[in-house]
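K.L.:
From first to last, the protein sequence lines stand for chains G and B.
The letter at position 287 of the first sequence is residue 287 when you use the numbering used here, and the numbering goes up by one with no holes.
If you count the second sequence from 1, you need to add 650 to reach the numbering used here.
If you are wondering where the hints come from, they were derived from the structure by calculation, not from laboratory data.
Model, not experiment: these values are computed from the prediction.
Be a bit skeptical, because a hint or two may be false.
[Said to hold, decoys possible] Simulated restraints, written as ranges between beta carbons of each label pair: (1) 732(B) <-> 518(G): 39 to 45 Å; (2) 919(B) <-> 616(G): 43 to 49 Å; (3) 442(G) <-> 701(B): 25 to 31 Å; (4) 310(G) <-> 741(B): 17 to 23 Å; (5) 243(G) <-> 970(B): 53 to 59 Å; (6) 177(G) <-> 836(B): 31 to 37 Å.
[Unchecked claim] From the structure, some residues in chain G lie toward chain B, with a derived Cβ separation under 10 Å: (7) 257; (8) 304; (9) 337; (10) 353; (11) 362; (12) 364; (13) 384; (14) 391; (15) 398; (16) 475; (17) 477; (18) 482; (19) 556; (20) 613; (21) 616.
In this text, a Cβ means the ideal position worked out from N, Cα and C, and glycines have one as well.
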Amino acid sequence: MNGPTIAGTLPPGAHSGPGSDRAAAFDVGRYGAWADKPGILGWLSAVDHKRVGRRFIATGFAFFVLGGILAGLMRLQLARPESTLIGPDLYNQLFTVHGTTMMFVFAVPIMQAMGVYFVPLMLGARNIAFPRMNAYAYWVYLFGGAMLYVALVLNIGPDAGWFSYTPLAGPEYGVGKRSDFWAQLITFTEVSGLLVSIEIITTVFKLRAPGMTLNRMPLFVWAMLVTSFMIIFAMPAVMMASTSLILDRLVGTHFYNPAEGGDALLWQHLFWFFGHPEVYFIFLPGLGFVSMIVGAFAKRPVYGYVAIVLSLIATGFLSFGLWVHHMFATNVPELGKSFFTAASMVIAIPTATQIFCWIATLWTGRLVLRTPLYFILGFFFILVLGGLTGIMLSAVPLDLQIHDTFFVVAHLHYVLIGGAVFPLFGAFYYWFPKVTGRMLDETLGQWNFWLFFIGFNVAFFPMHILGLQGMPRRVYTYAAESGWGTLNLISSIGAAIIVVSVLLFIVNVARSVRSGTPAGANPWGASTLEWATESPPPPGNFHPPLAVGGREPLWEQEGIVGRVDGLKNDPPEVLVTTLLDALPHHRFAFPTPTLWPLIAAIATTVMFVSSIFTPWAVIWGTIPIAIALIAWFWPSREETEKHKRMERAP
Amino acid sequence: MRIAAALFSPVAIASPMQDVLQPAGPQAGHIHALWLLMLIVCSIVLVAVTVAMLLAVRRASRGDESTPGDAALLTRDEHRIHRVVGTAVGVSIAGLLLVFGATVITDRALAQLPLNDGVHIRLVGHQWWWEATYDDPQPANVFSTANELHVPVGRPVVLTLEADDVIHSFWVPNLHGKKDLIPGRTATFAFRADVPGTYRGQCAEYCGYQHANMALLVIAEPSDRYEQWVTRSRSSAPQPADDTTKRGQQVFMQSTCAMCHAITGTNANAKRAPDLTRVASRETLAAGAIRNDPTALTAWIADPQAIKPGTHMPANALPSSDMEALIAYLETLK
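Isolated chain B, as found in the complex (with noise of 0.2 Å):
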């Protein structure tokens, strides 16, 4: 009972981090408005249906085994029966034109969104990361980040998807529903989001060992702070300032990491992996499996299988003076 009630009060129920039922934009909005027309409509069938069972049931005569079987009924017209039955399909007609109605009115409503003055940004699908590039007509203003997007609120994001191995699929509940990453293939999808804050998503299409291990966060805020993260991000990362921050870069580009990684600004231009020019500012670390501080990312660069069994990260056996100066560094990149 409790559950059932709390399906029509999203609210009671409600997840801090995602959850279809609490809209924060207008395409989740148009898709909840359907959802609960369908929960009313399908929930007047249900009670319909297993009431008129139970007073089936309830109504009709008790028999035994030995009862003969009515054949006498293989003649006879059940006019009455006829009626009622005949009326149930015509009404569940009725119910699903009604439903398909609504259906088509809701997708002309999710592709009426309007574009002008969007947020352009290529997303790009990995086992088992998300690496975001925010596109401008200005080569110079392109940059790149990985497993969070900063949005603007109240302007018009428009994603262009597309997969490097497998299929993905781009997940936010709160802004919009889902749109697959198809390897040889380029999908666009929009969204909008209307009221500040951050949403987490998830790859919804299964794509291997980390499939579970594969968020991202949408982090949706005013225009001003918008533009100030982004001014942030297209410059370079800031150069290391004394010795143990430019010991620990010298660790980066010495040790594997800087095959796989880049932060602008260095000799490391690495697209294997995600972009770490700001790696500091995130809150999560490898694509939402755990939080961003330096003990967890000390943990991380040391045993990344030992957090995300399957990642094609490498452990990484640095002296405990290098990791620290490596995480000092790293520390820097807000």
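Just chain G, with the same shape it has in the complex (with noise of 0.2 Å):
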């Protein structure tokens, strides 16, 4: 009773194939201290990773869905030439916001909170590492999120473009505190993505299962801890970048003044130096649920398992030796732009490799043919486009010629779409019976898919032509005679497509959460480990954790080895193992749940926002962070005495 042991080996059919729902094996007593507490203070203070990342995953959703309806606006401007339903003034807004939702608020967000939600069930662990710090992350976000939109509705909503470029940003020219909010915006997403990057790469290294050797991880599990330590070593260049920027704007620094030994171009290396990664930072994960989705609908393991590995490291790295691509019609020198056209080429080289070991897979695979690959289908196509059209881009010579036009636009939305969103969408089809315990419909699911797959291409494609037509981006309006209009149409009636196919999506959602068939534990008949436990997990999610034996647990004979008897409740112990071959280690008593986070997150709310007002806010405001992270972190002697008994042994 006193140490952690692996014991028994449990008969593989008690948690794997459709259907066996284990739910009945589980009364509520049993998940003790894993359970947030009832009421609404309970949902406050809340730090299972599963409600905190499913909140994640609904906000970054609600976010992807404001930013499209600032994009519908646009697709209506510009509908037809010479149109004036939106002036330059709010138009510029919205292309700024809708930027900056998609790529800081809705894409990087959303991607780590599926990490949030899925890497600690694959793994086998109880819950995500430094749990109180997520939920403090996931209301730094949304804050953060919701900032960004007040000050839109204000009519102060940043209008320098989602990567802001100084001077038009900087104090001179971008008038008012629209900056602010947008480098302010940064900080808030800086804070929360590190945060949630430090706890990934923590419960990947030490929450594993026992027997979970790093080989034997999930391809998404890989793509995470890719992607975490990208943002790790990203974010800080737009930390500089955007920190500079809010001095220059607030205390009068001259980090981008040329006029006072500044540099404008300074800022476009920082922001770029992380605005490539995390171009690759959205784009990783989305690799990942590929991964598990062509793996589990082929019903045999992805081919190329270490090639792919290699690949999303590969990628990691590369994706940093890229950002001047996004500067080849400034100045930098000629010789040096080359290395970075051949850096931008070579990254094409994992990614495809990637491609070709998926494509194996389906070949020799029994396949499934289910809305979740349809849209894994839908993203071969579309990001194949999209990564060669990026080639394009990569020359040199021509993206002088594309750049910064309508080509770019479609280059962009086919790589992040077709990249990200497709496989996200497949991902929500595929791992919604497992956080609900029911099923997507089916045929709103076909509907949603082939309207998406249509209207994307419909609305996007046209964008290539208008870029090559000399169309550049960011344009309010264009003259009749430019002879843009009809593409321009086209593309609206795109958009309209894709608007119908997402509201598609929700009624979907809001239908099935209530009245969709049940789904049982594995609905899929998938291999990895979140499928061992019920849909939804339980609290503490494994009763008892499991002990791993092979890479695809649920379809190898001994892919389960054996069961962790001997944690307690309460406090939630977990079992940390060793980095390589997870290995028992130690026993550690998990956090409880608490109302200091968001306390601590309103406390760092109300220091951001104000420093958008005054410089000296950032040295008051530090002192209501300080004391909610002393409340947070003083120790309970209910909970010492806890940790205390738990210390007897072995």
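Dock chain to chain to rebuild the complex, using the hints, since each chain is given by itself in its own frame.
P.N.:
Next up, the structure:
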């Protein structure tokens, strides 16, 4: 009873195959301190990674819808030439907030949110590492995103583009507080993004189920691990950039002012040193989804596990060597540009390798043609097309023509919607039963997919041609004589089809969450550990935690070699394992729910928002944060007693 | 399908104004050649991958949710797939080397444009108009114009690019790619127009409210006509001849106009806004926002914000007789 032991072998049938729902095996009392407290205070103080993850995903999706509405307004304005529907002032805010939302408030956070929800489950962990920090990261993210939209509604939304080039965003030309809101939004998302990355890396390295060696980790976990490291290395660059921007604006430094020895281009280097990896930390989790779904729906292990893992890691490294390809039209030295062309082309190889591995998997698999797989097939076409236009953009001479035109708008949407949003929707259909216990409707799913796929191509393919015809991006109007009217109208019609498709998805979710077919533990007959527990998983995830014997634990005879006994539920104990081989190392009691992360997040928000208006907020604003953090970490007598009791053994 | 066909035959959807696919000079021509190569290579890859995917889906056997996963494959060595995937990766690398080689060659070709006998123009980007100063060793021969460049066919044009406020980008797709105008930095950019014609370009780096209305025209004309234009541009503005135009000049000098605009040969020497010495000869007003005719000019002067919201030009509430005189005067500036 003292220490954790790994004992017994569970019959494989107990946790694999559709319909094996083991919910009955547990009574609520057994979840002990894993369960969040009831009531509104319990809701606010929740630290279970699944609850926080669900909120994170729902919030991210809400921002996706908001960003989509802004895009719809832009397509309405551009549908015909010389439209007077929306003036330049609003239009500039629309595309800035659209881009900022999609990049900073939707894509990166929702990918991390999927990691928050599924990484612990896939690893057989009982919660995410640093669960209170996770709650704090969510609240900070929510408040930051809300601030952006409050600013937009008050007509003080940022209007300098999502990459906010200086000097347009600087003190002289970026009037009012608009760019300050943008810079502080970046601060919010940095804090949130960095914290979640730390949690995910720690979870992956230390909380894996015993027996889940590094080379048995699901590919999505690998993708999230690489992504998290990338975030940790890339975020400081944009932190530097946005902080010095706000210093220029607030306290009169001159980092970006060429008249005072600053440099307008410095901003672009700092921003894109972060900004290009950012594209890949949106894209890599998407590739992780693809690997999971392809494996599950081809009913075989994904071909080329090692190749895919190495490709993910290679992409992670290479993505830091491409940033100048956003700056080919500036006067950086020509010879240097060729290096970045080469690097930008080289990064196509790991992606191509993964695509070939997935096609090989499909080729040799037994396919289950369901909505998640359809989204992945759509992903192949769209991503490959976007990747190829990316190769065009990486060539300096060609980039000089198509850079900053609608061609680039088409390219980036092909890559990001194709590479991230299609896999994400596939992932929604795939994991919805795990999260809610019910299946999404397949018929609506098919409509959702086909409308999205067709609407997407109708909306974005014509933009390639518009770019070649000379239409620059970020123009709120164009002359009738330009001849761009027809293609723009087609594009707007495509956007309307996407709107219908996303509405169908929302309807599907709203209906299925109440009346969908009950899913059971493993409705798809998939292989990874998240399908070994109930749907939705109970607090604490696995009762008891499992010990793993293979890469596809629910498919292999010896996939689950046993269970971990001797871990208490109160205090919530976890088994910490070693980094490479996931050998049991020690017991550790997890933090329990508390309101302090929320209070600390509110204090942080007060400081960040106030510092838009006065630099002194950075001084006095730290006091409430310090108080909240001290209270957060203050050990309670009760908890200390529990921990002491735990120390008796072994 | 039609769209795809159009991509291959640019003429089918040619826009009369600005088009990457209709090069009118060597620089745009080199890039166009690279574009065609890229388009072919990339189309082949896209078709190949899509076909491979569709074949895979067609060919693979079907299962359903209860089909057991084939875990035995974890230990089996899938030789044949190794070869196919390995070949595909190898071919991808070869394809990338091909396009990289073509890129380097194009880069070099762009750098080898002969620059002797070039026309030197200093182009400064402002929110939201272009200031062009034609250089000459003789200071008296230097002159300024705005939003419209005349260039000789067959002679290289060397632009010195600067920005006055925020970043702008010079881009006339029929002639060359784009080059940024960055505050605090000077860039040079050379192109040559080989086909006479009027080529439209517009600012390609987002520069604020009126980024959409920051166009410029490059008028490429035969040498003799170009030289005529240069000679005319070097001379001072014509003096008003009749009472109306004299009154118009007076209005210009006494109202706010002269605080920002210049007309050579008069006391108006301000540099905050386009030089108006030859304003009536230009095809457009307000950097391409509207066509240049007396009615449009009147509307523009009376209420610029209605035409180009956010422009730095203030509204001018002139009595109608003054306005008519002013327009009459400005129309003489050819």
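K.L.:
Now tell me, hint by hint, if it's right for this structure.
P.N.:
Outcome of the hint check:
1. 732(B) <-> 518(G): 39 to 45 Å: holds, 42 Å
2. 919(B) <-> 616(G): 43 to 49 Å: holds, 46 Å
3. 442(G) <-> 701(B): 25 to 31 Å: This hint holds: roughly 27 Å between Cβ atoms.
4. 310(G) <-> 741(B): 17 to 23 Å: Given a distance of about 19 Å, which is inside 17 to 23 Å, the answer is holds.
5. 243(G) <-> 970(B): 53 to 59 Å: holds, 55 Å
6. 177(G) <-> 836(B): 31 to 37 Å: Holds: the Cβ-Cβ distance is about 33 Å, inside 31 to 37 Å.
7. 257: holds, 8 Å
8. 304: At about 7 Å, which falls below the 10 Å cut-off, the nearest Cβ of chain B leaves the hint on residue 304(G) intact, so it holds.
9. 337: Holds - the Cβ of residue 337(G) comes within 10 Å of chain B, reaching about 8 Å at its closest.
10. 353: holds, 5 Å
11. 362: holds, 4 Å
12. 364: For residue 364(G), the interface hint holds, since the closest Cβ of chain B sits about 7 Å away, which is under 10 Å.
13. 384: Check passed: Cβ of residue 384(G) comes within 5 Å of chain B, closer than 10 Å.
14. 391: For residue 391(G), the interface hint holds, since the closest Cβ of chain B sits about 6 Å away, which is under 10 Å.
15. 398: At 5 Å from the nearest chain B Cβ, residue 398(G) passes the 10 Å test, so the hint holds.
16. 475: Cβ of residue 475(G) sits 4 Å from chain B, so the hint holds.
17. 477: Holds, about 5 Å.
18. 482: holds, 6 Å
19. 556: With Cβ-Cβ at 4 Å, under 10 Å, it holds.
20. 613: Since chain B brings no Cβ nearer than about 23 Å to residue 613(G), farther than 10 Å, the hint is violated.
21. 616: violated, 30 Å
Violation of the numbered hints given earlier is confined to hints 20, 21; the remaining hints are satisfied by the structure.
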